[in-house]
Amino acid sequence: AQSVTQLGSHVSVSEGALVLLRCNYSSSVPPYLFWYVQYPNQGLQLLLKYTTGATLVKGINGFEAEFKKSETSFHLTKPSAHMSDAAEYFCAVSDDYGQNFVFGPGTRLSVLP
Amino acid sequence: DAGVTQSPTHLIKTRGQHVTLRCSPISGHKSVSWYQQVLGQGPQFIFQYYEKEERGRGNFPDRFSARQFPNYSSELNVNALLLGDSALYLCASSFLLAGGPSYNEQFFGPGTRLTVL
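Same order as they appear, the protein sequences are chains S and L. Those letters in the first sequence? Residues 1 to 113, by this note's numbering. Those letters in the second sequence? Residues 1001 to 1117, by this note's numbering.
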């Protein structure tokens, strides 16, 4: 069975600081990996995804993530946090052509002025 | 183009009642999936439908059922509501069932927030 863990249910950074949100997964088959963002009272928006090929994936709003198979990790980073980045971030894994996701518990990112 | 739409936005029910949630996929999308997101947790997969047939089911009791209509819209039904069914119910649509996420992104609607009293 697949699973996703996200270290830190709440992360606070200062505006302009590095954002690092951690995601580790377990999967018996090569996974598809995703990061979604959820703003208050809204649905999920895809930030980026890893399918095959290059292990460093660039997404929207300056975010990127690196797939490390040996560490079973897919950590999300952004060099410089902006106030608008404050939201809930979910890591997800799928082995079913990206259809039926297993989501992590989420990390709430706060950005301090 | 309109994205995935869900109705109603909010809903309040009492224990033991039945509820129907509705989802309209993006035009041209044939696959619809339902997720339950309890407050403070990540979404959990409930069902996937493609071309009006159930193609996947998560670990939810039989009180949960769904169907997909010829126009690819979908309903999620929950019977005998429990307090623990209070959650945000998310619908997601995609064009295909398979084909891989390189070609086949799943788009999420804003959700229906269900409160069971």
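Honestly, the hints are just simulated from the structure, not real lab data. Hints should not be assumed to be uniformly reliable.
[Claimed, not checked] If you want the ones that stay clear, here's a sample from chain S, every Cβ over 12 angstroms from chain L, calculated:
1) Ser12
2) Gln38
3) Lys49
4) Ser80
5) Ser84
6) Asp85
7) Ser94
8) Asn100
9) Arg108
[As the list claims (entries may be wrong)] Restraint ranges, calculated between C-beta atoms of paired labels, are given here:
10) S:Leu56 with L:Leu1082: 42 to 48 angstroms
11) S:Arg108 with L:Gly1084: 19 to 25 angstroms
12) S:Ala17 with L:Asn1071: 43 to 49 angstroms
13) L:Glu1051 with S:Glu15: 34 to 40 angstroms
[Stated by the list, open to error] Computed footprint of chain L on chain S, listed as stretches where at least three residues anywhere in the stretch have a Cβ under 8 angstroms from a Cβ of chain L:
14) 42-48
15) 101-107
Don't be surprised by glycine CBs; every beta carbon is placed ideally from N, CA and C.
>> Name the hints, by number, that the structure is in violation of.
In response: 2, 3, 7, 8, 9 and 13
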